[in-house]
Each structure stands twice: as C-alpha cells, then as structure tokens.
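Colleague: Listed below, chain by chain, are the residues.
There are 4 protein chains.
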Amino acid sequence: MRIGILTGGGDCPGLNAVIRAVVRKGVDTYTHQVFGFRGGWLGVLNAETEQLTTEKTRGILHRGGTILGTSRTDPMSEPDGVERIKECLDIHRLDGIIVCGGNGTLSAASDLHYKHGVPIIGVPKTIDNDIAATDYTFGFLTAVQVATEAIDRLHSTAESHSRVMVVEVMGRNAGWIAVYAGLAGGADEILIPEKPFDIEEVCKHLRHRYGTGKTFSIVVVAEGAVPVEGTLDVPSYPKDPFGRDRLGGIGNIVAMEIEKRIGLEVRVTILGHVQRGGTPIPADRVLASRFGTMAIDLAHRGEWGTMTALRSSRIEAVPLREAVAEPKLVDDELYEVASVFFG
Amino acid sequence: MRIGILTGGGDCPGLNAVIRAVVRKGVDTYTHQVFGFRGGWLGVLNAETEQLTTEKTRGILHRGGTILGTSRTDPMSEPDGVERIKECLDIHRLDGIIVCGGNGTLSAASDLHYKHGVPIIGVPKTIDNDIAATDYTFGFLTAVQVATEAIDRLHSTAESHSRVMVVEVMGRNAGWIAVYAGLAGGADEILIPEKPFDIEEVCKHLRHRYGTGKTFSIVVVAEGAVPVEGTLDVPSYPKDPFGRDRLGGIGNIVAMEIEKRIGLEVRVTILGHVQRGGTPIPADRVLASRFGTMAIDLAHRGEWGTMTALRSSRIEAVPLREAVAEPKLVDDELYEVASVFFG
Amino acid sequence: MRIGILTGGGDCPGLNAVIRAVVRKGVDTYTHQVFGFRGGWLGVLNAETEQLTTEKTRGILHRGGTILGTSRTDPMSEPDGVERIKECLDIHRLDGIIVCGGNGTLSAASDLHYKHGVPIIGVPKTIDNDIAATDYTFGFLTAVQVATEAIDRLHSTAESHSRVMVVEVMGRNAGWIAVYAGLAGGADEILIPEKPFDIEEVCKHLRHRYGTGKTFSIVVVAEGAVPVEGTLDVPSYPKDPFGRDRLGGIGNIVAMEIEKRIGLEVRVTILGHVQRGGTPIPADRVLASRFGTMAIDLAHRGEWGTMTALRSSRIEAVPLREAVAEPKLVDDELYEVASVFFG
Amino acid sequence: MRIGILTGGGDCPGLNAVIRAVVRKGVDTYTHQVFGFRGGWLGVLNAETEQLTTEKTRGILHRGGTILGTSRTDPMSEPDGVERIKECLDIHRLDGIIVCGGNGTLSAASDLHYKHGVPIIGVPKTIDNDIAATDYTFGFLTAVQVATEAIDRLHSTAESHSRVMVVEVMGRNAGWIAVYAGLAGGADEILIPEKPFDIEEVCKHLRHRYGTGKTFSIVVVAEGAVPVEGTLDVPSYPKDPFGRDRLGGIGNIVAMEIEKRIGLEVRVTILGHVQRGGTPIPADRVLASRFGTMAIDLAHRGEWGTMTALRSSRIEAVPLREAVAEPKLVDDELYEVASVFFG
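Protein chains in written order, with the numbering used here: chain A, 93 to 435; chain B, 93 to 435; chain C, 93 to 435; chain D, 93 to 435.
Chain A on its own, in the form it takes in the complex (with noise of 0.2 Å):
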C-alpha cells in the first residue's frame, strides 16, 4: 500500500510521534509506503509529496513542532479543492491519507471522506482538549504542564509582593487548559469560555480573600473567557498603530478591571505559544504513539472514514463523523473541583 499523512491546523507537540509511529509500523512492520505532505492541506492541493524512511523519523519522538510542517488552508473553500486532492491522490497512486488535525482539519476530512468518497483516517490533534470522541488528544497534558509550571513560578513573587497574578492561556471554545492548570497550580479564580463571568463577582471573591488574611491571588483565564455582557467597565478595547487587534487578550482586560475596581497592584502573564511548543511530556509521547501505530493499523486494514480515539485505557476506531459533531467542553463536575479550591 502506499499512504499519504499529513498534520494541519496549529501545532501540538507529540505530531512527531505519530509520524514516527507511523511509519515505522507502516514501513517496518507492514512494508507499507508512506509519503508526507508538507503544510497540511497545502500539501496535497499542490501535489507535492516526499516519502518517509525509517532514517527520516530517527530521532523525533521528544522533538515538538512537525517534521512536516502545518497550515490553516481548508481545502474545502478552494474552489476546486476536492478535485485537486482527488488528483493528487491518483497521481501519487495512494490508497488513503490519514489526517492529523483538530476541529477545523477533521471537518475537512470529515467532509472529503463522506461526500466526496476521499478514503482518509483521522488522529485528533489539538492541545485544547476540545475534541469529543476521545477521552483526551495529545498536547493537551504538555500545555498543562507549561502553564502549569509558569503559575507554580508566578505563586512565591505574588505572596512576596501581594500582588494579584493574571494568567492568561490558550483555550479559545473550551477552558481544559485554565480548568487542569488552574487547578494543578492552586488558582483562585478561573475564568473559561462554558461559564461567562461577572468582573464583579471575581472582584468581590477578591476582596474577600483579602478580608480574611491572604496577601495574594492568583487568576487564570482562558483566551476564550467572556464576560456576561454589559458587566465590563472598559467598553472596547483600543486598536494598535497599524489597526491589528493585537493588544487586545482578555487577560489585560481583566487586569484593568481588577486593578481598578480593587486598587490592587496586577501583573498578567500571556503564556503564548510556549504552551504548543517543546518536548511532549511522556504521557503525550505514549497517547501520540499509540495513535500513530492505530492509524497505520486502520489504514492497513482498509478501515477508512474512522478516526483514533482514547476510550479509558484502550485505543479505539470511531466514525470520523462522530469526531467532529460537537466541540468537547468543560463538564460541570471538573470545574466544581476547581471551584472547591478557590475560598
């Protein structure tokens, strides 16, 4: 057989080993071909392929980032996407893609499989978590633990200054990131997209705190949090220079609010793409090996149209389609632990 494999979307560590894993089952074990397509989508619209060795894929298991490289094209709002993925496949006499992606790429290749007969299988890729048929993607366990890391740092300069600590991370439909690293760090407040905030409700638990004693505390809050509206104080927030959204993060915004409304000093944290960076933790490693060699498997076996899926300890195949019904949010017995924590 000859198999194309492809990584589309943002980048999340532990893509590495599932092409390492890949092909290593693909061509070691089954003397199947396997072939790359650089940047995603972009890849296979413009046809151009390299195949992968053994040799190729020595040494990346701990790296993060893609051998392959990612993009964001969707290949479904190209015009003639559908006929230049189906032509590139002939061209290069594959039998089957698997699809590394989140949300965005499996809706892709969701569609190109069901509608367009395009034989894909998928490995849910996103460091979010957001992704339901699987009990967790890969990535998501390392953006933990960076943040993680960085609020566990940011605890012993707030207690010595008693300071309020915003930290902003990644998370822009569900909270997984804020809820997992809030609650690992010993957060006071957790903002996140499934429950909109009242700043002033934050603001009143805030002095509390500080009515009873604590010097200190620490705020994280997913990119994707939104305030109830009509509660926040700053209207809009102000364009820079050159008219780009940049400063924006709602991280600043409820900085501003807190600092004004409780006349605390605040400092925020925007952890950036140091969460979707660097080595996996061993526990994506294993996950993204797993599913890697579970693909390979599929495909072997002509199984196409399902994606890799973690179901308590097993790896599973489910219907690509399942995959991508509805983004995974954060259920409400998670964040009422979280919650426990705050007083």
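Just so you know, these hints were derived from the structure itself, not from any lab.
Do not take every clue at face value.
Keeping only pairs whose Cα atoms sit at most 30 Å apart, straight-line, the calculated DSSO-like set for lysine-lysine is [claimed, not checked]: (1) B:Lys-148 - D:Lys-306; (2) D:Lys-148 - B:Lys-306; (3) C:Lys-148 - D:Lys-306; (4) B:Lys-296 - A:Lys-148; (5) D:Lys-306 - D:Lys-352; (6) D:Lys-287 - A:Lys-148; (7) B:Lys-306 - A:Lys-148; (8) A:Lys-148 - C:Lys-306; (9) C:Lys-148 - B:Lys-148.
Treat the numbers as computed from the prediction; the structure is a model and nothing was measured.
Put chains B, C and D on the given structure of chain A with help from the hints.
Modeller: Quick look at chains B, C and D alone, frame taken from chain A:
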C-alpha cells in the same frame, strides 16, 4: 460528621493533594471535621489522631510525600487489629475513614469493611498503576516522567560512547512504568513481569541492532521482570557481606548477562526512590484532587464501601471489593505498540 | 549579638536561601539572635520585627520569593527615614542589619552606612545581574533558565509555522538575561539596552535569513531595549482605556514593526514575572547560601559597610561603596559571541 | 586555515555547543575549514576525518553528548602514537587541532604540544569541575542540576517513611558535584574524596539528628569518597559472579554500614550516567559557546599551546601546561558552608 483519613503503603506523589481536597471540601463546604492518622494503619491502631484544618493543608498541593506519613503496617495481621480499629473510631467518634492506599492497604480496608463493618471509603494510590477498577492512579505519570527524563538523558551519552544502557525502573508486579517510560523514551527493549524474558533473545536482538549499524541500545527493565527459567548464566546472586540481598536487582543481572554474552560495554542506572518522590506532575495533582473531593462527597453521602475511580474522563464510585479483586497488568495491545519501536 | 535582616526591591529566587543561611550559621554556630523585618525597609521604618529561628527557616531553601516579603520603600525619601531606622535599631538593640537588595536598596544602604553610621552588611540580589563588584548575582541564572526553556519551546512551533517569534525578557538597564538566554536558546537576533537597535537593520537581517532558506526566526528583546532615535514607524504607543501604559512593551512594538516591514507572521511572548518566581536552580541556591553565610560571618566580625561578592570561585567582602558605584553592563566580548550565531 | 577538532574522555553536556561555535565562527566568520575526528584521539590515529559545515552543526546546541563521538584512547600509550598524529596532520594539511577533554585528554595534548610540537588549543571539559586554571567547566552545573533534582525528590519520600537516603553522585577525584548538589539539596551529610570519612562519626551525627526529632536524613556520597583506613566493618566488597567489581560502589557500602550501625532503614540511589547525559542547562550552553568561539579565535591567531578558561566573568587563554598541572579540589571554605547545614 467526623471523618478520619490515612495514607498507607509506599508514598506516592499526589497524596497531599488528596488530603488537601478532603479537608478543603470537608471543612469549608460541608463543615465536617477531618482527622488525620499518622503512619497509615499504625496511627489508627494507636488511636492517635490530629484535627486537620484548611490552614494545615495550605501550600501542600505540589509537595510530594504525605504530611501524614505512612507505614506498611497491616492491621489484619495484628491479633486484635480489628478491635483496636473499631475502638479508635469509637474513641474519636468518627463516622468513617478515608483510606488512601495500594493493593495491600486497600485489601485490608476491604476486609475491614465487608467482614467487620468498618465504614471506609478507598482512594487508590500507587505509582505502579496496577489497581484494576480505575483507568489510572495518580503518581504513576509522575514516576513515568522521572523515568523518561532519565532515559532521555542516557540516550545522548549512550550514543557518544557506543554503549548499552540498562535502566531499572519500579514495578514489582506490573510493568506499567517500564512500558510507558520505555515507549516515551524510545527504548530498544523493555522487560516486564508480565512477559518472562529469554536473555538470549534479548542479546540476539541487540546483536542485530549492531549488525545494522546502530551503535547503542537502551534496555528498560522493570524491577519485577523475570527470566524464563533456566535461561540465565548467573545461577544465583551473591549476598552482601551482611547477608542481605541488596546487591541483586534484575537490572544488574541483565547487564552482566549482556556484557558477558555480547561483549559490549554496559552501564546500569537504578533510579530507585527518585521515582516516587517529589512534586507530582499537574495531571497527577488534578487526578488526586478529583479523587479527594469525590472521597469526601462519598463519605458525606454515607456511601461507605466504595472506592474512587477514573473511568474515561469521569470520576466514579466503584465497590471497594471490585477494586482489589485482581491487579491490573499491562495489556498486550500496549506492549505491542511499544515493541514496534524495538527495531 | 542581635542582628536584623531584610529583603528589599523585586523578589528574586534565592532570597530564602540567604535568610536560611544567616539564621543557621548565626543562631546554631554563633548563638547570635537574628530578627527579620517584613516588607523591606518598610519593616524597619515601622520598627516591627520577628525573631527568626532554625525552625522557621526549615524547608525554604528551594522556595522562591522571600518569607520576609519585600517592598520598594526607599527610607532615604522619607522625611525622617534615617532617624526612624536608627530608632528601630535602638529599640530592638540590634548590632546591625544585613540588607539583601539590588542597586536601589543597596544605594540606600550605602548612604545609611557612610553618611549616617548605620552598621550594615549588603548582599547583592537581582535577577538582572547588573551589580558591579560581583561576578554574578543569584537569581540571574534561574531567570535565564526560565527564559531559555521558553525559547527552546518556541523553536519547534516557530519552525512548524514559518513564523517570527519575539520573546520579551526582563532587563531594564542591562541585557544580561537577554544575551544569556538568547545565546543559550539559539536566538537569531538579540536586542539589549546597551546597544540601541535600528529596526531596519533587524529586518534586513531577517530578510537575509529568509533569502537563504531559513523559514523562521527567534528575536529576543530585553524589556529595556531602545531603538535608535527616529527609526521606528510607531511614533508613540497608545495608552490603555484607563490612561495607563500597560500595553506598551518594546516586545509588542518590535513585533509590529517587523510584521509591517517584512510581512511575515509575528508572535510575541512576554514572560514577565514567571522569570523572577519559583524554585532557584541549584547554582543559585549555592551562591545564595554562600552569600548568606559570608554575610553573617562579616556581621560576627563587625565588618560593617561591606558587601558579599563572588570573585572567580571565591566569596569575598567588598566595600559597599564600590558595589553601587555603577551598574554592570553586558560587555562587548559576550555580545559578540552571541552575535556569531545570528547568521 | 584548516583546523581539526576532537572530543575525548567521558562525554559531557555542552560538547556540541563547543563544536557548533568552532564551526560557526571558523567557517562563517573566518572562512576557515574545520574537520572533525570521530572517537577522540582514535580518529586522529586512524587519520579519518570529515569536514564540518554550518549545516551539520545546526540544531545541536541543546543536545547532550557529542556528534563526534568520544573514546578514552590515549595516543601517548600507543608505540607510534606521536608519529601517527603528526602524519594525520600532514595528510589532511591541518594547521592545528582543537582538543576538548578532561585531565587525561589534556595531559596528552600538553605532551604532544610541548614535547612534540603539535599545534594544539585545549578546551577544558569535565562534569567533575576538577581542572585548575578555569573557574568552572561546562557540564558541571548540568550534572549538579540532575543530582539536585534527584535529592529534592528524595526529600519528600524520605520524610514520609523516616528513612536514611544515600545518594551516590559522580566525582572520582574531586567532590564538586557532591558538595554543590548536597548544599543545593539540603543534604545532612556530604562525603567527598578530599575528606576521608569516619563512618562512626557519620553515624553519631545521624543518631544525634534522630535524637533531636528529625525523622530522616539525606547522605550524599561522591563515588570517589574514601573511608579513614580501618574504620569500616565491611573489609572488602564481594565481586559479581563473573569476577567483576560492578557491585561495589561506596554508596552501597556506606548504606550497609549505616543500616548495620544504627538500625534504620536505608535506601540507596545511584544516579550514574544520567548525570552526564542530556540537555545542558543554559549556563553550560553559554560557557561552552564562549569556549568554542575563543578556541577558534586562538587557532586563528596561531596561539597554539593555550587553553580556554573562565576567569571571573571573562574568557581567557592560559598556557596548556598550567591547566593540567594539578587537579582542582574542593576548597575548605565551600565545604564549611555546606557543613553549616548538616545540623
């Protein structure tokens, strides 16, 4: 309510997070009183306890070990153990006890509950990850992290010197740490209790690697790994000068056999207690905090005879009986994934 | 003897190691009494102190921050500051004070000693490493470690997305952290206060990199980096909606200019207080412990008006006057070494 | 110019940073040609070399080990070693060689230079930090970091179980790693080659600790620590079944003696090669990069017979002769600081 808590068996990163969660939710949310026993069952036998407060559990979330101390005391092997435990509950007017422990401690707990009516909630705790009923135990991924970091470091030195590196990791009855750390660290061979090894097969494999140009190998050995009977040249292992068995260690034995059989330089690293000490990784702090809050919820609702368990991404209560039925061993699917990379 | 100790200015990993060393050697070896002031000079002005014991300093060696708290209070700017300090020494019958601080705190200490006869021992403390008289200050290498780990992580994500990554690190007057972390992290450009930058030169260099096939760049910017006058397109930076300067940040400005001039995607990471918090690396714990024991030795011998300093591999006493003469800037040799790798 | 480079002796984190610096400055700045020898002096004796390019040294800054490999081959002990080395320089028309090595490798280098006129620049390299002439060697602080992290982890488990933990660290002739890691990790006893130990004194001290309520102790032992003659109960240590000395290890011996004498549970951790492998910490990457650029500067200027050295915060050239005169031992001041905390 008045609720006791103890930590028994080997210590494990995350125990303090459990204690903190039980106290925070027990005292702050439910206004119960929580009492800690020092040194596991020993503290109960001695009926010595101290009241735990929010203040006493502040700042312990990220600390390894257990502020309550632990011991391997088995109350069932004491002639009047059951009576003394009941007496202790009486004296301190406790409604029940939350018991954090591994297979040993929980077996005692199970007997105490089912046979003698002691009201107990179990919290599974072992870095070995060998408790059935739960997908994972906290402490496990921390041990994997420590072991994998060591393997990562050994890679570069092994490569520079053309050596075989043998790494002995924890895991007396189950090879979870070995398989996870070996898979995550790119090990070339993993020996675990579940799969008795033939040293000659191991050496054949290593010779093959050298024959194909690889200049070094990493062999991960669980401390409980066992040879196929009669396959080792070392018939028995020497005692130390005081007649103790300290020197043994299957890691040393494997190293000697390899050195003798294929004549390469072999170095051994025995990580030992470093694997069970120190700061729990964030994933373990989260799991332990969730177990702790669930445990006090169960006690609050009077659901004695249950154990907290992770099932998929939810925390559930399972019968204590079920939990200790049989140890959870490494399944074949996972070991096969790991062996894909032995090539 | 009765000796006071305070920590002033920004907090810094290693301060607790100094306090612990002063107390352990002061109390256990010399049987002196040691008293801590809370909140830097503020505590002295308020004449509030607490006796420090071996017990109180147990377990703090590896903890960031300072158990004494700190503040930026400058006693010399208070109308009766000097009198209140002398009075405080009188009231508590102190033989002298050990003052841990950066350039600001030590300048006040120097004036108090030379002009007003207050018996003081200085301990240099700044993550910025800009105190003359000593080879290094503790906290510096910890900040470098945090910053470098972030840069290491950004490398892989930058590579996967063909982006320019701008990392703003601490260093208001001196670029030590930027140069060390940039050199250690393989930065392609490092901007520091000592060397005003021409943004067009920076862009020319980045364009050259892309012209020779490199697909990403890492630009490290010290927070105190300054442009050559008149070279930026952004004339001034917008205030936040409450009229504060929060948004600024030379990192953001550099990013905007690069994005505008060469049209590549640029991402900014502002590490902020993460750099000054958390566990000191071992090298800093050692240096801080050596400074602390030397400080109490000097107090014991009555050598007031001195500061502890690292010279080569020895700890020496230097006149306090010398220490605050001039800030230590990045020397050309070091910057040139870093620039070898900008290619 | 045509310049050779080799790495000899045990590998050491930072070697790749040296190689990268030599190549980047040598090739890009000076347009010299740089040639690498594989396996230390062995490569020179075999006259096998490969040209090193900027491309070949990309991405190796943070990688442990050495891309050139290493060996303990001593050219002076080969009958015609000197001739073959001269011949090799002739064949490959090399102007001289940059030699990265410890005391052994540099001694050979020194003889080759002074007695036989071979043009050599030395770069000191040892995790043991025992080369005179330089304040520090790269790799040392990385080893200290690894050892300290292990001790930090052992603290919590020791405390939970009331145990004595013995940690054997590297350091055959000098106790630098033991003293630094012991001081940074809060060790209660540190045994080093420079100070022969009386085991009964050690036990007296540990008993005293227990007498004053401490429930655990950490004993750090350098692998080269030696007992005062006649003070051990273990007369000699058993060989392994194949007659080798593997089992020994002063760490095991110290553990046995303590266990026998004071009857407490003792556990041993032998870190081994983990200390010399893996990513160098940023401070070591900086030092190694500075040594590398200085080495090629010296070669460029024809200053053969010198070695790069850190003096205070500057890199200087010292006569090779001076460097190998005598090993640098732990000085009393430092050991005394460490012993303040043994209490």
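Colleague: Check the structure against each numbered hint from earlier and tell me which ones fail, lowest number first.
Modeller: Per hint list: single violation, 6.
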